[in-house]
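> One letter stands for each residue in the lines below.
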Amino acid sequence: MFKQHYYLVLGLLLVCSCVDPFEPKIESVDTHFLVVEGALILGNETTVIRLSRTASLADTAYIEPENSAEVSVIGDDGTIQPLTPHENGEYQAMLDLQMNKNYYLAITTRDGTAYRSDLVTPKRSPPIDSVSWKVVGGSEVEISVNTHDSENNSIYYTWDYVETWEFNAAFNSYLEYRNGAFFDRSSDNQIYTCWQNNRSKIILLGSTAALNQDIIYQKPILKLPFSWKFSKKYSILVNQRTLSKEAYIYFENMKKNSENLGSFYDAQPTEIKGNLYSVSDPEKIVVGYLYASSIQQKRIFIEKDELEYLYRETICPVDGLEVLEPNAEVEIFEVGSNVPIRYNEAGVVLYINKYCGDCTVRGFNQRPSFWE
Amino acid sequence: MKNVLATAFILVNLFSLSYSSAQNISTQVYSFELEDGSFFDFRTMLEKHAGLKVYFDPADTDSLKINLSISERDLKTILEEALKGTDLLYALDEKSNNLFFTKGQKIILDLPSNFIENDSEKAFYPVAEDQSDYVYDYFQALNNFNKEEKKKLVPIGIKTNKITPGKATIKGQVRDAENGQPVIGASIILEEPFTGTATDQFGNYTITLPKGSRTLKIKAVGMRDLERNIILYSDGTMDIEMLENVVSLNEVVVRSDRDRNVSNTQMGIEKISIKTIKQIPSVMGEPDVLRVIQTLPGVKTVGEASTGFNVRGGAVDQNLILYNNAPIYNPSHLFGFFSAINSDFINEVELYKSSIPSKFGGRLSSVMDMSAKFGNKKKISGAAGIGLLTSKFSVGGPLIKEKTSFLVGGRITYSNWLLNLIENSEFKNSSGSFYDTNINVDHAINEKSSIAFTGYLSNDKFQLRSDSVFSYDNVSGTLEWKQKISEKTYGEVGISFSRYNYKVASEEDTVNAFQLKFLLNQYNLNADFRYSLNSKHTLSYGVSTIYYSLEPGSLAKFGTSQIVPDELEEEQALESAIYLEDQYEISPKLTFNVGLRYSIYNYLGRKSVFTYREGLPVEANNRLDTVLYDKGSFIKNYHGPEYRLAARYLLSNSLSVKVSYNTLRQYIHMLTNSTAISPTDIWKLSDPNIQPQFGDQISLGVYKNFLSGIVEASIEGYYKNIKNYLDYKAGAQLVMNHEIETDVIKTKGKAYGVELMVKKSLGKLNGWITYVYSKSLLQADNIETGEVINEGKWYPSNFDKPHDFSFIGNYKFSHRFSFSLNATYSTGRPITIPIAKYDYLGSERVYYSERNAYRIPNYFRADISMNIEGNHKVHQKTHNSWTVGIYNITGRRNAYSTYFVSENGAIKGYKLSIFGSAIPYVNFNIKF
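Chains as they are written, first to last, in our numbering: chain L, 1 to 372; chain S, 1 to 928.
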């Protein structure tokens, strides 16, 4: 709303203004920084460190993961705990970390460059007291987190979450089409009830530094407009970790730089150096900040009946079933993207587009182990 | 011949009289009785008794005293007797009964004997043995006059046969012979031993000199230089009438006070007459004060379309821009394409960038003091200009002859038609317009006191490509009383009011319709005095107080809109100061300027103020409490001394060294998201969470004049420190922010540089060349004051442009045709750009370079313009002129800004040029 003057300047260009490509000289080697994502996890959870590379702005390619690196966690008591490589640049291990010890991450990338982090001290996260939700403005669900640390040690928090929701296809399919024939659908192959999930993509931070007590009260972490997520049952798992002050400042800055979309007249962004660096060239940029914390989790469920909201399928009309023409099976089910639903009174197969009859188009049909 | 004379008369005041008798006047006899009469009396007698039409130049005769006691003699004898001992010559045309008095050169009334013959070479310059005494070209004659002038001696004081040793004082007034307005700031200089003074606001001067025979030089901007040979017997008076430089009737001459460069104690002052401003090529031919200021050394701008300027590495808001003592908060029209003040209402502009007089305060970098122009006190006159985008008109004249004058006028734009010419549909919804009006009235109550009023109003309104309409207003009014309290004391008391407000409104869209408003009012009261203690000490002292009242923002919904209305609390404050400054002349060579200013700032209720936990960054997470203060209560006080010190040592008459040290405080800040001034910039008063800015600067300079002051050269170096300058956190939101302190960073700043300037102020070729090397750096190294930038290292400020070169040149081909060339080159300003992208926590993010680690491409531009004057006949009803020029003649696409957009998965950079091609323009001006 207040950014309009950008257009004004354009408007004054009159007959003579112009826009030309601007390609500042950025050395391409400069744009291949190592990116280190993840935290050392204290306690019985897996530590996942993901390595990747930055790409130059002009690159349209996907950002490439850094595979085949050697990654280990080294304690100031001399203990070495290697992480096992997985795909997509991920390195995993169950670590044995002690609260009163310090650790650093040592990385040797496949080009032989050694990186390490500063020593970090594990912090213990207090349990999440509750994850609460409320309807805001009659059309949104706001999910908040509550926690406290009676020892006043945690202060800086970060959260991420995984949403999971159960939904149905618009039509329940009782038939399966296999090898040119129709069979009754078995219950372990059902495609009517599915689940979908979604990981948080933003950096969530909280601080109690200004408060006399280390209490996070009703910190909103997510606002969800009413949607198909609430058509049956919705669940969210919130993970909580605690941060050092420096890590908090680092992530706060990363959030500002990348989550507030820049425009012509915006204030200028700043990058802060993290606690990871190249051993041979400490000035070399490494993106990311390593911290160590225990992880606390809380899951809640929201039933559709708890909301004054009824999800309406708008794409699939109730009377949308079509009658299968004779000898059209191959065309409809092998070439086309349709699914058989049931027989009609005349014993002819009724079918519909997969989007309306097969929930696996939009999710997965294995019931998650935690689902209630 | 006739033409030559006609041209000559432009200079000469004409005094017509009763018509002549038919008698042959050369044989007629008259009786004249005149005791210690003025030339004026003599002339009256001649007109009355002899029926002559008398032509003369008052400047030649103003100090003449005539004693005559003649009976029954012919005119020739009488004239010879009267002119005895003077260098006046006369020429009597018996056919027309015209009598001409000239100085040094006698006018020949007959055509040269060979004139009729078709020998053009000889026709205009008759071959005569005493050619140097007889000239037909008045301009050539003028030069000869100046050589001759030294012969004329003006006795001052009570004539004695023997001059007693010692000093005596001359007083008097310097006036413009054309309109009777006092000439302010004219310098009266004695070269040996070096002594000088300048006229005050009434044109009065006082100078104390050793008695005896002396030569005084009188100089003023835009005026013809004068020399007076005097014999100083004792204290006396001498009034001086100066003539406007004839060629500057319409033509342009770059001039400044020639000797001031070397002799003045203060340094870093740029004084520009409006005539200089008018000659410099500008966008669309409209003379522009700020654009000229930007060609001076140490003054920079971030882009072409910005009127805000940066002085010596300071921020845009650190300049105090005054129009007759009232600050102008947004000095631009149409986003900086035009200056907000019409140049027809400016008399003179002074920019102080190193020694800032104690009188001024409240800003760290500079003071730009525009003095208002007042009307002609003798006759009605006016001016009009027509350009492609703007037109203006002004008229002024006496309300009470010789006492009261007025000057009113205005300027409007009609740029909409240009926008409509653009076929691009993006501009369909666009319009832009502005106007400004001025009214200036001055009244001379008596010789010692005068009163002046100035009023100014400007408005801008535009809508471009969107349905948001921007508008803003500048309003100011001043009332000033000037009083010569005693021979030694001079005082000025003034009140003024300034307002700046803006509005952004979108009144069409039903869901998002809104109105956003900002308002700033400022009330000033000031009293300034000057006391000439003795020949060594001149004291300046005074008090001032400012009351600020701000409405920092209100957001209102419009119609059925869904916008949630919001209003920021009003802010108010009082800024007062008291100062004393002494100009102490230890010896003619060494002069000191010692000033102390004490400023006091009170942030006043009613206002609620947030408190934050000490030792933690000021941010919402660390907020402790809200305290509500009552109306009128003092929420927070800041005060402290400011030192203003300057010294000058004269190594020779044309070479001096100056040094100055200044400290300054600034209590009001401009918050801006962009590097250029934009209409949603907010002015913020210092409060408990936002401390005032402090600055100090030390400067050293060497000044040398060549060719008796025609060429000035200077080199100045400076180093300055700034504390509490505000920079912004990433993603800062400045508009409608209730906790603005949480989005700003307090930074330290330092700036240093060397400025070189060579200026030629006279001659056919005039202009200046400057080169500046400078750095402007900031540092944010403490997380508690906001944010750490570039790991706490010094980083270049947004306006750090190390190399800066400019050339302004004007070549006068003839009195009616001149050509100007203006060229500037500077380093591109720093920017922060994204250099890489990466994936983190499930999102693609960009990685930025260090703050201001990159620069936009270097800037270069050259403009030309031509001034073509109509003829210079004095009696025609109007004088007109054409200005034709080309802006950005090389058509270089200078980057105004750069931006990055995501296109098909790649992030691409673009640069935007505002004037990406050569722009021709033409303006037509009329004076009457």
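Simulated from the structure, these hints should not be mistaken for lab results. It cannot be assumed that every hint is accurate.
Think about it this way: if two alpha-carbon atoms lie no more than 35 Å apart in a straight line, the pair counts; the simulated DSBU-like pairs of lysine-lysine are [claimed, not checked]: (1) Lys517(S) with Lys684(S); (2) Lys750(S) with Lys25(L); (3) Lys255(L) with Lys106(S).
To give an idea of the interface, some chain S residues facing chain L are shown, with a C-beta separation under 10 Å as derived from the structure [what the hints assert, rightly or not]: (4) Gly85; (5) Leu89; (6) Tyr90; (7) Ser608; (8) Lys636; (9) Thr832; (10) Leu841; (11) Glu844; (12) Arg845; (13) Ser849; (14) Glu850; (15) Lys911.
The C-beta atom is built at its ideal place from N, Cα and C for all residues, glycine as well.
> All the hints need checking, so say for each whether the structure fits it.
The hints, checked one at a time:
Between Lys517(S) and Lys684(S), the direct Cα distance comes to roughly 14 Å. Compliance with the 35 Å bound is thereby established for this hinted pair. In summary, the hint linking Lys750(S) to Lys25(L) is supported, as the alpha carbons are separated by about 28 Å, within the 35 Å threshold. A hinted pair counts as satisfied when its Cα atoms are at most 35 Å apart, and Lys255(L) with Lys106(S) does not qualify at roughly 87 Å. With a least beta-carbon distance of about 67 Å to chain L, the hint placing Gly85(S) at the interface is violated under the 10 Å criterion.
Given the 10 Å rule on beta carbons, the hint for Leu89(S) is violated: about 59 Å separates it from the nearest Cβ of chain L. With a least beta-carbon distance of about 61 Å to chain L, the hint placing Tyr90(S) at the interface is violated under the 10 Å criterion. Annotation: interface hint on Ser608(S) violated; nearest CB of chain L at approximately 17 Å, more than 10 Å. For Lys636(S), the interface hint is violated, since its Cβ never comes within 10 Å of a Cβ in chain L; the closest pair sits about 21 Å apart.
Contact between Thr832(S) and chain L, as hinted, is supported at the beta carbon level, the nearest pair being about 5 Å apart and thus within 10 Å. Checking Leu841(S) against chain L: minimum C-beta separation of about 6 Å stays under 10 Å; hint holds. Contact between Glu844(S) and chain L, as hinted, is supported at the beta carbon level, the nearest pair being about 7 Å apart and thus within 10 Å. Nearest Cβ of chain L to the Cβ of Arg845(S): about 3 Å, under the 10 Å cut. The hint holds.
At its closest, the beta carbon of Ser849(S) sits 8 Å from a beta carbon of chain L; the interface hint therefore holds under the 10 Å criterion. A cut of 10 Å between beta carbons decides the hint on Glu850(S): the least distance to chain L is about 7 Å, and the hint holds. Annotation: Lys911(S) was flagged as interfacial toward chain L, and the flag holds, the nearest CB pair being 4 Å apart, inside 10 Å.
Violated hints for the displayed structure, listed by number in ascending order: 3, 4, 5, 6, 7, 8.
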